[in-house]
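Trainee: Please dock the two separately framed chains into a single complex, following the hints provided.
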Amino acid sequence: MENNRQADVENWVSDQLAGLDPDEDWRPNVAQGLARFRGRSAKRNMGARWWVWAAAVAVASCLSILAIPGTRDLLGRLGEGSASRIVNIGQVWAASSTLREGKLAPDFSLKDADGKEIHLAAYKGKVVLLNFWATWCDGCKVEIPYLIDFDQKYRSKGLVVIGVSTDNGGWATVKPFLSQKGIHYRVVLGTDAIEKAYGLSAMPMTFLIDSKGRIDAMSVGIINKSASEAEILRLLGK
Amino acid sequence: MSMEGEALAAMAAEAASPDFERIFRRHFERVARVLARVIGDPTRAEELAVEVFLKLWRAPQAQGERVGGWLYRAAVRKGLDELRRRTRRHRYGYMSGRDGGPPTPEEIHATNEQQEKVRRVLAAIPRREAELLLLHSHGLTYEELATALDLNPVSVGTLLSRARLTFRKEYVKRHGEQ
Numbered sequence: 001m002e003n004n005r006q007a008d009v010e011n012w013v014s015d016q017l018a019g020l021d022p023d024e025d026w027r028p029n030v031a032q033g034l035a036r037f038r039g040r041s042a043k044r045n046m047g048a049r050w051w052v053w054a055a056a057v058a059v060a061s062c063l064s065i066l067a068i069p070g071t072r073d074l075l076g077r078l079g080e081g082s083a084s085r086i087v088n089i090g091q092v093w094a095a096s097s098t099l100r101e102g103k104l105a106p107d108f109s110l111k112d113a114d115g116k117e118i119h120l121a122a123y124k125g126k127v128v129l130l131n132f133w134a135t136w137c138d139g140c141k142v143e144i145p146y147l148i149d150f151d152q153k154y155r156s157k158g159l160v161v162i163g164v165s166t167d168n169g170g171w172a173t174v175k176p177f178l179s180q181k182g183i184h185y186r187v188v189l190g191t192d193a194i195e196k197a198y199g200l201s202a203m204p205m206t207f208l209i210d211s212k213g214r215i216d217a218m219s220v221g222i223i224n225k226s227a228s229e230a231e232i233l234r235l236l237g238k
Numbered sequence: 001m002s003m004e005g006e007a008l009a010a011m012a013a014e015a016a017s018p019d020f021e022r023i024f025r026r027h028f029e030r031v032a033r034v035l036a037r038v039i040g041d042p043t044r045a046e047e048l049a050v051e052v053f054l055k056l057w058r059a060p061q062a063q064g065e066r067v068g069g070w071l072y073r074a075a076v077r078k079g080l081d082e083l084r085r086r087t088r089r090h091r092y093g094y095m096s097g098r099d100g101g102p103p104t105p106e107e108i109h110a111t112n113e114q115q116e117k118v119r120r121v122l123a124a125i126p127r128r129e130a131e132l133l134l135l136h137s138h139g140l141t142y143e144e145l146a147t148a149l150d151l152n153p154v155s156v157g158t159l160l161s162r163a164r165l166t167f168r169k170e171y172v173k174r175h176g177e178q
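Line order of the protein sequences matches chains A and B. Position one of the first sequence corresponds to residue 1 (the working numbering), numbered consecutively onward. Position one of the second sequence corresponds to residue 1 (the working numbering), numbered consecutively onward.
Just chain B, same shape as in the assembly (with noise of 0.2 Å):
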């Protein structure tokens, strides 16, 4: 092993301690799960995870007992920070360590047409709407939403059916109605 491979070993040991990698181990396939559904590309959304936990590593003041939802409101923001990215016309997100290069005619082809119309909406609407409607459609209640996004319980409903007509607005703006 080289040098660099040496330090780099010997660093690993100390990167993450026991309880975190708990927390990792607990959390991490449902994070993934929760970006997937925001950008579509499972790999992609592997790497963005890993993301997700080294923020949380950088922040011992967030792995408390709310880290669960803390991980959600990563895990969305994170996938809308990709959304938008792919939306300045970066098709290449990353250049580094993934098999298989561009895709193919055919991967493109077999691209849910429709999950991507609801995704550019997504993109579209104002982050703050789409974390809302995002991390309630995960399951999380009204108070958790509150606690999750800083804001008042008492005004989760009226805010999400807001988020929700704005959504619906802006869909029929680029796809027309269904």
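Next up, chain A with everything else stripped away, as it sits in the complex (with noise of 0.2 Å):
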């Protein structure tokens, strides 16, 4: 009796599960999943090899700079007065590690083109924004007009947009485009610290965080407009 209740059970469980293959018709797309693959694994590579030569050149600096008799002096003076920034950028590097959907956006202070402190953590209650992008990159330019819509609709509905910037050239870079392109949203200059905490892979990124800042939604590539308009909507309705 027991090995037929066992074996009842056995073939229902078969049948639920058989019950979901994919339609026969369908044939996955291998040409376009291995283009994707060889984009995705190419853009990995690149990105490492921009930390490994960023931290390289950062070292030799550092170095340089301490072999110079009077600077450490200097520097000991300057760190006193950047104690608070400091802490700041230890709480984001804690928080990188384990960075995915669901989990607290990491913390960080930037100032914004006048001179403004933006703090993230000064924005729970709202929804925010945050896009990682440079002057030069040709899909955060196409996506840019999208979050200028965001900006525009949704800024008296508590949608708060904060752009990245990550271009060296600084605000005489970075100044100058915002006029052009009429970026009137946040806009902050990266550090290597919150690059690093956020996983910066390739831009663009956003990251979608939810008015308890955990992180919603995040991603790689020119955002879907239509789907992330949705998606700020369900953030804002909640």
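FYI, nobody ran anything at the bench for these hints, they're computed from the structure. Check before you lean on any hint, since a few could be wrong.
[Unchecked claim] Calculated cross-link-like contacts (lysine-lysine; reagent style DSS-like; alpha-carbon spacing at most 30 Å):
1) A:225 - A:126
2) A:141 - A:126
3) A:103 - B:117
4) A:212 - A:124
5) A:126 - A:153
6) A:196 - A:212
7) B:55 - A:196
8) A:103 - B:55
9) B:55 - A:225
10) A:212 - A:153
11) A:141 - A:116
12) A:157 - A:181
Mentor: Shown next as structure tokens:
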């Protein structure tokens, strides 16, 4: 009797799982999959190499600077003044290893084009769209009009759009670009710490952060405007 | 082409060896079908299949004779992770590169209700048991299951029976007797 019951359960479970089979006519597109794989594996290579070179240059620069007499005293005095910023960077680094959807977005505090401090934690209660970009990034230029549109439509409803520029030229490069493109949402200059904390591997890269400060969605590449807008509306409606 | 594009093209040439691409061509369709079975969305299944191969690419030690088993297990795990993410009410699992935007009411109605019941149960039961059931349903032998999931071959039969009972119990709890 027990064997019959077990056999019944076995058959029933098999039937349920067999019902999950996809349509027999569907054929996964191998060529398209391989093209996607090549693109993504190349971006990972470039991201990894970029960090290796940046780290090597940073270490070499630090060693050169420390070799100059008198600089250690100067750095020590600067360090005292920037203690609070170092604490923030430390928190950002601690969050980076486990960053994914559902996790708290790493906090940061950076200045915008007007010198005003933009502190992520201060936007709790609002929905934040955080976008990593650069003036030379073609994909970023495609999606900037979407972000401008979202800012215009939903700023009064609780959306905060923040662009994090990774341009090495700083405000000298970025400010003219902001005027030219008519960007009025908040833009800050990125640092190594924030880029590492958010796992910046390619651009554009976008994070939607809910009103509790948790990452709701993340995207590498140009965002799908309608899907993103629907998600923003859903978060604003919560 | 921009500087960024040229750099990417150069990288792509060295991204995967011919041997790896052979593995890709040989197994991609099967991996995508395994994923589609678990998550139900063929388009998303193809995207996740690429992620499975990216993981394999970063794990050269897995690219040996048993790569097939590794791929099956990785695909089932990826699919179950996706199912669990969905049940956390993340309606749009990704924002970029998808055509068509949100599903229409017609598309939602067309979803197979029975399939979704089974998927909800798979997402709810212990992950190891869900993996065992899905891999077994793909035709893996007890020995292959033991290798794929790092189990004692002698215990596979018992673990499978338990997994079926867990599945049945959870299904009845959620959806009643059939």
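Trainee: A separate judgement is required for each hint: does it hold in the structure or not?
Mentor: Hint by hint, here is what the structure shows:
1. A:225 - A:126: holds, 20 Å
2. A:141 - A:126: holds, 26 Å
3. A:103 - B:117: Distance of about 28 Å is within 30 Å: holds.
4. A:212 - A:124: Satisfied, since the Cα-Cα distance of roughly 6 Å is no more than 30 Å.
5. A:126 - A:153: holds, 15 Å
6. A:196 - A:212: holds, 22 Å
7. B:55 - A:196: holds, 21 Å
8. A:103 - B:55: With Cα atoms ~22 Å apart, residue 103 (chain A) and residue 55 (chain B) stay inside 30 Å; holds.
9. B:55 - A:225: holds, 29 Å
10. A:212 - A:153: holds, 22 Å
11. A:141 - A:116: Answer holds: residue 141 (chain A) to residue 116 (chain A) is near 25 Å, not above 30 Å.
12. A:157 - A:181: Between residue 157 (chain A) and residue 181 (chain A) the Cα gap is close to 23 Å, so the pair holds against 30 Å.
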